[in-house]
Each structure stands twice: as C-alpha cells, then as structure tokens.
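Asker: Input sequences plus hints: build the corresponding full structure.
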Amino acid sequence: MVDGIGSTWSRSRNTWARRLPVWFRPAPYWYSRSLSTERDGSIQFMKATATRRQVILLLGGAAVVSLKAQTGKPGTRIHQEVDFQVAPARIYRALLDAKQFSALTGLSAEIQAQPGGSLKLFGGLIEARNIELVPSQRIVQAWREASWTPGYYSLVKFELAARSPGTRLVLDQTGIAEEDWGHLNDGWPIRYWEPLRKYLKG
Amino acid sequence: MSTPIHKEVDLKTSPQRVYEALLDAKQFSAFSGGAGAEIQREAGGAFSCFGGVITGRNIELVPNRRIVQAWRVKMWPEGLYSLVTFVMQAEGSGTRLTMDHVGFPEDMRAHLNGEGPDGGWNRQYLEPLQKYLG
Numbered sequence: 001m002v003d004g005i006g007s008t009w010s011r012s013r014n015t016w017a018r019r020l021p022v023w024f025r026p027a028p029y030w031y032s033r034s035l036s037t038e039r040d041g042s043i044q045f046m047k048a049t050a051t052r053r054q055v056i057l058l059l060g061g062a063a064v065v066s067l068k069a070q071t072g073k074p075g076t077r078i079h080q081e082v083d084f085q086v087a088p089a090r091i092y093r094a095l096l097d098a099k100q101f102s103a104l105t106g107l108s109a110e111i112q113a114q115p116g117g118s119l120k121l122f123g124g125l126i127e128a129r130n131i132e133l134v135p136s137q138r139i140v141q142a143w144r145e146a147s148w149t150p151g152y153y154s155l156v157k158f159e160l161a162a163r164s165p166g167t168r169l170v171l172d173q174t175g176i177a178e179e180d181w182g183h184l185n186d187g188w189p190i191r192y193w194e195p196l197r198k199y200l201k202g
Numbered sequence: 203m204s205t206p207i208h209k210e211v212d213l214k215t216s217p218q219r220v221y222e223a224l225l226d227a228k229q230f231s232a233f234s235g236g237a238g239a240e241i242q243r244e245a246g247g248a249f250s251c252f253g254g255v256i257t258g259r260n261i262e263l264v265p266n267r268r269i270v271q272a273w274r275v276k277m278w279p280e281g282l283y284s285l286v287t288f289v290m291q292a293e294g295s296g297t298r299l300t301m302d303h304v305g306f307p308e309d310m311r312a313h314l315n316g317e318g319p320d321g322g323w324n325r326q327y328l329e330p331l332q333k334y335l336g
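Residue numbers (the numbering used here), protein chains in the order written: chain L, 1 to 202; chain H, 203 to 336.
Keep in mind that the hints were calculated from the coordinates and are not lab data. Beta carbons are placed, not taken as given, at the ideal position from N, Cα and C, and that holds for glycine. Take these hints with a grain of salt, some might be off.
Claimed, not checked - Computed footprint of chain H on chain L; a stretch qualifies when at least three of its residues, placed anywhere within it, have a C-beta under 8 Å from a C-beta of chain H: (1) 116-125; (2) 131-141; (3) 155-165.
Claimed, not checked - Counterexamples of contact, computed for chain H against chain L with all Cβ distances above 12 Å: (4) Ala223; (5) Asp226; (6) Gly236; (7) Pro319; (8) Gly321.
Answerer: Rendered as structure tokens:
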C-alpha cells in the first residue's frame, strides 16, 4: 500500500516534472523527505498521504493564483499580480534575506542585499543582480537561469503596495525568450508565490 | 512589448579600446559630446551618463568582450529599466561592436532606433564612438 502510494506519486511527480522545464522542476526534498526518512511503515503511509494532500492543495492554490494573476499572453514579458495577507515589509525581507529565501524555497540561497549585489537562488539555478531596491516597495533585478546563454538576462521587477489587509505584489518580467514564456509564467506561482504564502502564513 | 533593437558597427580599433571607452567615464564623456559621465567600473556598479539623462547599473562585465547593463532614461516611470548588451568581437585588425536593447517602452522605440531627429543609438553612441576611436 505504501509502495502503491509511493509509486503512484512518483509517476505523477515524473509526469509533472517532465512538463516543467529547468528552474522550477520540483526539488527532490519535497518527496524524499517524507517518503524515505520514516522507519515505521504506517507513519510513512500517513505522512505520505498528508504530503500528497498538501501538494494537491498547493497545486490547487497555484491554479487559483494563476487564474487570478496571469493576465499576460505568450511573448517576451510576464505580468502577474498576487495578494498576500502580510505587510509589504515582510515580503520584501523574505525576498532579500538569504536565510528566509532559502527556508521558503528549500534550496540554498546567497543574497547580497544591496543595490548592485548578486544573488544565487534555488541552489544556483537562478542567478540575479539587484538593480534598484526601495525598502518595502520595489525590487528590480537582472535575473537569469544559470542554463541560459552566457550574457543573457531578463529584468524582474517586484512592486509591493500595501493593500488592506496585506500586500499586492505586482511582478513584471521583461526580456525573456518566447520559448521560455510558458515555464516562467507557470514558475512564478509555484516557485515564488505559493512558497512565500506558506512561509509567511499569509 | 517593444521589439528589440539590434545594431552592429565596425570600429578600426581593438576590442579592448572599445570596452574601455564604454566604461571609462572620462572617455565616455569625451566621445559623447562632453556631457557629464560617472561610471563605477565593477559588476553591480552604477553609472550615469549624458549628464544624468541615462542612468543604470552594470549587470555583467567580461573584459574586452561583453558589457550587460540595466539602462534607463531619466524621464521613464520609476523602477522601469531596459537591458543593453554590448558585445565586442575582434574582426581582422578592428572590432565588430554589436548592441542589443530590449525591454524599453514601445513608444520610445523610434527615438532609440534613431528614426527621430535628435538621437538614438546611432547618433548618440555608435557614430560618436566610431569618430572618437578613429
């Protein structure tokens, strides 16, 4: 039974992973931690079920966000708007504090949190540089997948506006290759918004 | 979304001299008509040229080969940047300089592309640079 769930899950995980290229391919820790670290079979079963539920909820949440937030058409730019229940300052800090960003993504992060400073996110899958920082309001970054052609960057802008009871975050990403649009547009909710929401509980 | 601008120009000098002219504030000011220029030469460093009309930050610098900059015009909405990439490639005894510009507001395109009377990449950057470097 445990094996059954495990293999069903890994099949669906693989299908999902195949559809998600490069930077937001699921991190292995999502699955391996709950499925392999328990010694007791029944605990493993319960935990596996919980994990599946959580992931389904998470995907459901991501789908809601994508319906609400993704207004762009395929092209070279992405525009998304997402609401959070917490103050702009908390989101700003989570995006620029290596410890927090690493905790929420589950992958290592190095962040020089000053204008001009460099960032390595998602265990090195994403390389970025801060262009402009306005505390609790705006983050502009040159942002690239480590696998992109050398010298090729996109520009990412996070605008944070206080909006009762929390924050509206507006993301604009420009300068992306058309063939990357789909996975990047899907990647923001999965890699940033939902983990942020979960981490900040809002 | 704006259509990217792509320019190529052949210069009768080494990639190194082209790279230097684009990153050395004194040389930049000299070839761009004497307007003030300040350039922090490291990756992440800020720059301001044409007397503060153009500002931005160096994103990536590969000596004598590539300069990637976040680049904005003073009057653009706050927080709006575009991306400019210069690539220098040795061609015989000279250099082919290519410039790619993406992410600017669409209504700026004609101006930046040199279709207006008063500027754009050709008249503000590339032709003066060609003249300056001989």
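Asker: Next step is simple, just say for each hint if it's right about the structure.
Answerer: Results of checking the hints against the structure:
| no. | hint | result |
| --- | --- | --- |
| 1 | 116-125 | holds (count 3) |
| 2 | 131-141 | holds (count 5) |
| 3 | 155-165 | holds (count 3) |
| 4 | Ala223 | holds (19 Å) |
| 5 | Asp226 | holds (19 Å) |
| 6 | Gly236 | holds (27 Å) |
| 7 | Pro319 | holds (28 Å) |
| 8 | Gly321 | holds (22 Å) |
Checked against the numbered hints given earlier, the structure satisfies every one of them.
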